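Engineer: For reference, the chains in residue letters:
There are 2 protein chains.
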Amino acid sequence: MEQPHALAEAGAGAGAGVEAIGDAYIIRPLELADLSKGFCDLLAQLSPSPPLSEEAFRARFVELAALGADHLILVAVDAATGRLAAAGAVLVERKFIRRCGLVGHLEDVVVDAAARGRGLGERLVHRLVEHASGRGCYKVILNCTTELKGFYTKCGFVEKNVQMGLYF
Amino acid sequence: MEQPHALAEAGAGAGAGVEAIGDAYIIRPLELADLSKGFCDLLAQLSPSPPLSEEAFRARFVELAALGADHLILVAVDAATGRLAAAGAVLVERKFIRRCGLVGHLEDVVVDAAARGRGLGERLVHRLVEHASGRGCYKVILNCTTELKGFYTKCGFVEKNVQMGLYF
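Protein sequence lines, in the order shown, are assigned to chains A and B.
Just so we're aligned, residue 1 is where the first sequence starts under this note's numbering, counting upward by one.
Just so we're aligned, residue 1 is where the second sequence starts under this note's numbering, counting upward by one.
Hints in this document: simulated from the structure, not taken from any laboratory.
On a predicted model such as this, the values are computed, not experimentally measured, just so you know.
Wrong hints could be hidden among the right ones.
Stated by the list, open to error - Restraint-style ranges between C-beta atoms, simulated for each label pair:
#	chain 1	residue 1	chain 2	residue 2	range
1	B	Phe168	A	Gly119	28 to 36 Å
2	B	Asp23	A	Ala66	37 to 45 Å
3	A	Phe168	B	Arg116	26 to 34 Å
4	B	Leu67	A	Ser36	29 to 37 Å
Glycine included, each C-beta is placed from N, C-alpha and C at the ideal position.
Using the sequences provided together with the hints, build the complete structure.
Structural biologist: This is the structure we're talking about:
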């Protein structure tokens with residue numbers, strides 16, 4: 001079987017996965033070649049993300065690609081430099097409640113510090129939400145700090161519950 | 001390939017997936033036969049969950065079984081009646097951050113109204129957390145109402161962030 005080079009996006013026909021924001025950024029699914037375009041540096045602005053070896057990156061990429069439309073990572077590429085300026089993921093959870101309903105989990109959304117304030121994060125989140133909607137999810141949920149509530153409110157989210165965590 | 005009859009639990013050897021609480025409840029992975037033991041009635045105490053047909057239940061069950069140790073639903077069976085008294089799930093998310101870290105998402109934990117106040121929920125959550133830990137997760141997270149913060153604090157969780165949602 002041919003190795004996947006880009007994660008699948010629901011309903012993406014030829015070229016449909018790519019969206020240009022003005023001429024500055026291209027939003028598209030994560031590709032194997034993105035490791036060398038600053039993917040780990042970008043994630044490190046969100047959470048500790050030491051550089052990954054090509055092998056480790058490829059192995060996780062292939063695992064995620066096997067989930068098909070149940071997992072999508074989108075990135076925004078700076079058209080001028082070819083470097084990644086933003087990334088975000090949506091994971092589709094299959095439930096039994098709500099007639100075997102599907103829920104989208106928005107995860108690991110990050111915009112490069114130098115690219116903030118231009119609406120890039122909002123566009124990226126919109127695309128991830130569209131993917132979850134296209135996949136048939138009845139809702140999309142996310143966890144964020146109180147500082148980011150305003151941003152996600154602009155993206156159409158409303159505050160719901162409390163997130164709790166247990167750390168090993 | 002033989003159809004799976006029970007969802008996989010990490011590190012479960014012969015009989016290791018079953019835990020008795022006193023003599024009253026048995027905690028074990030969800031089985032195909034559980035549809036007729038009140039599974040949907042139980043879930044309906046958590047969220048709208050109309051009865052599922054055997055076909056719909058089986059189809060979702062098989063999809064989840066295909067995720068192997070990345071998805072586990074545990075149920076507590078009332079030893080006296082054979083009916084389900086509690087259920088809960090953990091979904092393992094594969095990330096790139098934190099050296100391709102794994103995160104457990106605790107979902108759809110519910111204890112039958114008649115079985116509350118006996119520590120059953122805490123035991124069930126403990127087992128789900130153990131599964132995530134055994135699978136290599138660096139944390140387990142969940143979303144709950146403010147009313148349930150005390151319960152999850154007893155289970156070892158700490159309050160972290162805000163959950164937001166977007167409903168289609």
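Engineer: Could you run down the list of hints and mark each one as holding or not?
Structural biologist: Evaluated hints:
1. Phe168/B x Gly119/A: 28 to 36 Å: Given a distance of about 23 Å, which is not inside 28 to 36 Å, the answer is violated.
2. Asp23/B x Ala66/A: 37 to 45 Å: Given a distance of about 43 Å, which is inside 37 to 45 Å, the answer is holds.
3. Phe168/A x Arg116/B: 26 to 34 Å: Holds - the Cβ-Cβ distance for phenylalanine 168/A and arginine 116/B, about 28 Å, lies within 26 to 34 Å.
4. Leu67/B x Ser36/A: 29 to 37 Å: holds, 31 Å
Of the numbered hints listed earlier, the single one contradicted by the structure is hint 1.
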